[in-house]
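Participant: From first to last, the protein sequence lines stand for chains A and B. Per the numbering used here, the first sequence runs over residues 1 to 761. Per the numbering used here, the second sequence runs over residues 1 to 761.
You may find that some hints are simply not true.
[Claimed, not checked] Label-pair ranges, simulated between beta-carbon atoms: (1) B:R666 / A:E669: 49 to 57 Å; (2) A:L326 / B:T72: 27 to 35 Å; (3) B:G629 / A:A78: 57 to 65 Å; (4) A:P651 / B:I632: 36 to 44 Å; (5) A:P651 / B:A363: 55 to 63 Å; (6) B:I632 / A:E123: 26 to 34 Å; (7) A:P195 / B:I16: 49 to 57 Å; (8) B:E208 / A:E669: 45 to 53 Å; (9) B:L623 / A:F572: 21 to 29 Å.
[To be verified] Chain B is faced by these chain A residues, among others (derived, beta-carbon under 7 Å): (10) K172; (11) T211; (12) Y213; (13) R216; (14) V314; (15) V318; (16) S322; (17) L326; (18) V328; (19) L331; (20) Q647; (21) A658; (22) I662; (23) D665.
[As the list claims (entries may be wrong)] From chain B, some residues computed to sit far from chain A (all C-beta separations above 12 Å): (24) A10; (25) N212; (26) L430; (27) W517; (28) L634; (29) P657.
FYI, nobody ran anything at the bench for these hints, they're computed from the structure. All values reported here derive from a predicted model rather than from experimental measurement. Heads up, the beta-carbon is just placed ideally off N, CA and C, and yes, glycines get one too.
Listed below, chain by chain, are the residues.
2 protein chains.
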Amino acid sequence: MDVSALLTSAGINVGICVVLVSLYSILRKQPSNYCVYFGRMLSGGRVKRNDPRWYERFAPSPSWLVKAWETTEDEMLAAAGLDAVVFIRMVICSIRIFSVVAVVCISFVLPVNYYGPMMEHKEAHLEPLSIFTIENLNPRSRWLWVHCLSLYIISSAACALLYFEYKTIAKKRLAYIAASSSKPSHFTVLMRAVPQSPDQSYNETVREYFTNYYARSYLSHLMVYRDGIIQRLLNDAEKMRQAIKHVSPDVSCNPSLKSCNFCAGPGPTNSFKILSDEAGGVQKLELGELTLTTTEEERPVAFVFFKTRYDALVASEVLQTSNPMLWVADLAPEPHDVYWKNLKVPYRQLWMRKIATLVGAVAFMFVFLLPVAGIQGLTQLKTLSKNFPFLRPLLKRDIMNRVITGYLPSVILVLFFYTVPPLMMYFSTLEGCISRSLRKRSACIRVVYFTIWNVFFVNILSGSVIRQLSIFSSVKDLPAQLAKAVPTQAGFFMTYCFTSGWAGLACEIIQPVGLIWNLIARVIVKNQDASYETLRFPYHIEIPRLLLFGLLGFTNSVIAPLILPFLLIYFFLAYLIYKNQILNVYITKYESGGQYWPIFHNTTIFSLILSQVIALGFFGLKLSTVASGFTIPLILLTLLFSEYCRQRFAPIFQKYPAEILIAMDRADEITGKMEELHNNLKAAYSQIPLCSQESSKAGCSPPCSDQELPASEQLKPENLEAEMIKAFQRSKSSHDLEVKSCPGGSPNRYSPGFAEIYKRT
Amino acid sequence: MDVSALLTSAGINVGICVVLVSLYSILRKQPSNYCVYFGRMLSGGRVKRNDPRWYERFAPSPSWLVKAWETTEDEMLAAAGLDAVVFIRMVICSIRIFSVVAVVCISFVLPVNYYGPMMEHKEAHLEPLSIFTIENLNPRSRWLWVHCLSLYIISSAACALLYFEYKTIAKKRLAYIAASSSKPSHFTVLMRAVPQSPDQSYNETVREYFTNYYARSYLSHLMVYRDGIIQRLLNDAEKMRQAIKHVSPDVSCNPSLKSCNFCAGPGPTNSFKILSDEAGGVQKLELGELTLTTTEEERPVAFVFFKTRYDALVASEVLQTSNPMLWVADLAPEPHDVYWKNLKVPYRQLWMRKIATLVGAVAFMFVFLLPVAGIQGLTQLKTLSKNFPFLRPLLKRDIMNRVITGYLPSVILVLFFYTVPPLMMYFSTLEGCISRSLRKRSACIRVVYFTIWNVFFVNILSGSVIRQLSIFSSVKDLPAQLAKAVPTQAGFFMTYCFTSGWAGLACEIIQPVGLIWNLIARVIVKNQDASYETLRFPYHIEIPRLLLFGLLGFTNSVIAPLILPFLLIYFFLAYLIYKNQILNVYITKYESGGQYWPIFHNTTIFSLILSQVIALGFFGLKLSTVASGFTIPLILLTLLFSEYCRQRFAPIFQKYPAEILIAMDRADEITGKMEELHNNLKAAYSQIPLCSQESSKAGCSPPCSDQELPASEQLKPENLEAEMIKAFQRSKSSHDLEVKSCPGGSPNRYSPGFAEIYKRT
């Protein structure tokens, strides 16, 4: 691949980006697209002013860029929560690190490479890309010192930046814990694997256990039931109807079935009040069959509530009994975050599920080798024209040649790659994660592994090794092999940066799926409801992509530094576009509290060490023993740094510090808020939809606080139309259970159980 | 190597064993050797009757074997603690597993191998050992089914036995925890990394922290001081002397220095009472310099005592503050078990020390390759006679040839191997383990890794791979390489079993070091004191050896099954000899509470899986795809079993179950024992030797309970002499601080601090 092919590829992608971004700046101003581009604002109840005769809306404008740039971190935190801030910090941290890397490598390493003696210089546009790589130096070159020194500078800068960033994020997480004083999850322990008892229900077993061992701190508990919510409501209604038929009319509470219109009424009807209570409450009614079946439907899982946060923490961390597979305690996830389906999975299955999904993920990794190998075929045109002779005339044209070698492979890879995150999400679901945030984090880690393996290693090694599927045959020679392969693949990675990075961001901002869906709904189906699901930010797709580009940046830094400016452009674009998307499109329903950061940190350290190993391999190939000798202590130092960070910061992201929880408990006891918090606990974790006000009060903070938009974002006048749409949608969603309603239907008006319905990841 | 060389080696070792064991049965009856062979009994105060004119004592007798055989597990538990029982269970479990393996492999696999078509049969004594191995089958042989089926039977039997054994040991551990109700360690948390405060001492910081956050459960605490015990006593005496000089005589407590004769007096003198109190107590005295220096000597480490066991457990498991490297809490080790030196190591150094010792251990592993490579040279006589021409006439003799190829290599390996455990112990000390039992366990794990690597892998692969130090160059081909190498090394492993196994056991029982030391002391130095250190059972030497033989047994089972009967003999001998040694020689000063079992379990599973992988390699070499195909699910099933055991049992060996501790707390509160336990806590963990009675009451159970010897062990009459020796030694040890006194000096009469002196591991 030469410079002209690279420029072709860059040109195509810049064109795509400019077109899409301009299109976005127009489309976003069309009132009919508000559902797609302003999901968060609509769900927050803030309405745009718009005027059908306001023609400025057909001209592209950079106002959204200005707004994204101007939004501060505190505003982000208030609007979208800690995870979003952490994600943006990842982008910022990448920008900082790669600014240093780019300055060092472009100003020192690139000239040394370019003026190396191994290759002859041609005309500028015909220069092969390998002339910019370390391959252009001859063996035992004295100039390898520049590379070694650059590696030291890069590593120190990256470690220092990572350290300070980890420190800042840890502080933010602690502040986040301390600030979220009204969270019911702090008081709640999810108890799984409650042992079965022949003569009492799970409910009684749980009560007996906790009144026995945690008498001082135990408050109450709530069992988890088998059925889905809707199913249960219907069943209960049916049972209630039959009960009323059979039982004498002097039962104290008189269930009125007619007023039950699925939680849109003024408050819960009697039938739901009874069932939302503990099963004990049901038994008191003694409605014959009803008691029996309710008990049968209990699962050996309970939310147990404690009097203080510290008590809950203690109960969740201690090994309860002498059988570690019974009475398994974890701090409960937020009510909105609970993944109810998986709560019903028996605990003793979980370890098997974990192994099974691991095996499945590894198997998928190897299946994925097939398309990757095909892509590699494309970069080698000769093999292609040999295998497909009918393509030969086409391939003889220069422009086609450029497009096929320079652009097509990475587009195909990107397209294939779209299947990965949903599948990994599915694996994480199967694995039995108890909360949505945990599931997403688990999927994120899987996608990171997958991306690094299938995009980086397989692409690099496929030429020489993968074809014989003997990648594992030479661990010792790996550094040298990688060192040989990285410069040859530099061109491919650059085009991958254009397609997956630049064009991917443009796709992200224009939201093609949502846009088309919206179009179909309005134009073809003539559905004025403009149905479109509410979106959560896809951390499990975006973080791995960010990390992959980090890996490419580090590994190419001293070997083929030409990629760095393109990467920096990607990171800058990512900063602006993701900020815009987080502020406007995605709704925060659940949070992991910054737990994505350790993934970023560890993977970045891994990338750094890998790049050092590859550099070591290259110094070995170039027979520079001194440079190799100096690289080994660098690797050891980086490992030491990693271990230190693991000791110093990682526990904060796994556990809650007792100190902070105790301080929160005391503050609440002094202000008298404790009583109120206790009263809200059961309602927050009820499987049955309760009245909306209560649950949103007790649940996590509403996705959009009352923060106002900065002035630049205030669009053109008159909010009548959107107001009307909103009012219409609200009334509609309160009468039927249409799932795919516009976010204006405000999903947080429902109880946590309903979050399951709004589930796009 | 042929059958005759093997028999030579076996003959030499059987001879050595018979001679040494007969010698032992005579030597042990000599009163002058009681110090060597009955350390435990002497330390327990039980004295043998003996009579200088009792001439039967010069005849060998098997009485000790009978006694070892007859001792039950409960007696072992009472006499030597849970760790000893767990060790004996390891031997029993090995016997059970390898009985099954031997029966299956000798009756099915061996005939199939022997009557295979690949080699011609010679005379019995000239048959090469390889004729008994799987190499004798031709490729695609239908008889490989026998091997595959045997592998299934072996694996299932091993897993079943391991499962039930793990279950039993887990129960025993729980019973041990529940039974040890008087242990002060249950109430105590070791708090490290207390943060420094400019305006108060560590002591005040600790008190402030715990009265603030653990007001309900905190009892008191005890700081750790910098100096060694003896050093501190001397320093304090000196300070006290000066204080008395300077301070007016009306100080309330009047330290009487003269009566202080290092803890042998009637009780602690005033000076030690003061210092054993908290430093706060010292400050109240206001003795000028004394206060200042005592505070300076405080380390940021404290033993914190709680009101109940559950409270201590909670405090030890919760993340205390937002900086995970401050206020690090662990459940305290037993007072006898504390490794005081390492408590003074700053906590922030520990992670570095861990990495450094890891690097050191790995480096040592590679240095050790040199002697191993030399040994391998010996087994190849041709290379030897080429390199050392002067040896040629010697090597031409048949018997020398046999000795050198069949016997010498493993003797040299065994001798080199004696350097490993002390070094690993040193690494574990450097690592900063806070207790002796933890240090031994950590050393044990290191030695296991080292043994498996250096004895098994390096010996197996040295012929083909190690010489080029390119062991890592082929991970994928490893199964096939191992499969090729294992049968060729079968002879070496058998002789290793004779020398390290059989002869090693004979050496263990005769205790050559102790015997020679004893002889020197009596005959040459004319020292009637018969000084010899008290011994602890060297788990870190014996468990790895046991595990190595297990590994050899599994890996050779279907490939070269001739080794199995010899291994079984080793395990039987080990059972008798270790039982005898545990009952008579070794003293139990500290316990890990059965925590060695997971090491045994995991390593056995590893051995099993490795043998399956090797078999898989062999089936591949023999081109039997069906057998290979059937082996892969077996490996997966074994991995699943391993994971299940990890889930089901491992947590019990890492944490205390809350249920049991709460039950113990309640029982003690009802019986009113709690108060007494609380009062003993400080004395138990005092760094300064207090009066012996107190500490032995509060400390762990005395090494020998009052259990009586079975009748067969009651030796000949008259206990006068030993009684006299004992009385003499006791009086002596109370007057000077001779370290190497005979165990009759009863080390547990001293406070825990003194355990450091009696430290042979």
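Participant: Now, for every hint given, state plainly whether the structure supports it.
Facilitator: Consistency of the hints with the structure:
no. : hint                        : result
1   : B:R666 / A:E669: 49 to 57 Å : violated, 28 Å
2   : A:L326 / B:T72: 27 to 35 Å  : holds, 32 Å
3   : B:G629 / A:A78: 57 to 65 Å  : holds, 60 Å
4   : A:P651 / B:I632: 36 to 44 Å : holds, 39 Å
5   : A:P651 / B:A363: 55 to 63 Å : violated, 30 Å
6   : B:I632 / A:E123: 26 to 34 Å : violated, 57 Å
7   : A:P195 / B:I16: 49 to 57 Å  : holds, 56 Å
8   : B:E208 / A:E669: 45 to 53 Å : violated, 21 Å
9   : B:L623 / A:F572: 21 to 29 Å : violated, 59 Å
10  : K172                        : violated, 12 Å
11  : T211                        : violated, 13 Å
12  : Y213                        : holds, 6 Å
13  : R216                        : violated, 9 Å
14  : V314                        : holds, 5 Å
15  : V318                        : holds, 4 Å
16  : S322                        : holds, 5 Å
17  : L326                        : violated, 10 Å
18  : V328                        : violated, 10 Å
19  : L331                        : violated, 12 Å
20  : Q647                        : holds, 5 Å
21  : A658                        : holds, 5 Å
22  : I662                        : holds, 6 Å
23  : D665                        : violated, 11 Å
24  : A10                         : holds, 40 Å
25  : N212                        : violated, 9 Å
26  : L430                        : holds, 17 Å
27  : W517                        : holds, 43 Å
28  : L634                        : holds, 15 Å
29  : P657                        : violated, 5 Å
The structure fails hints 1, 5, 6, 8, 9, 10, 11, 13, 17, 18, 19, 23, 25, 29 (numbered hints given earlier, in ascending order).
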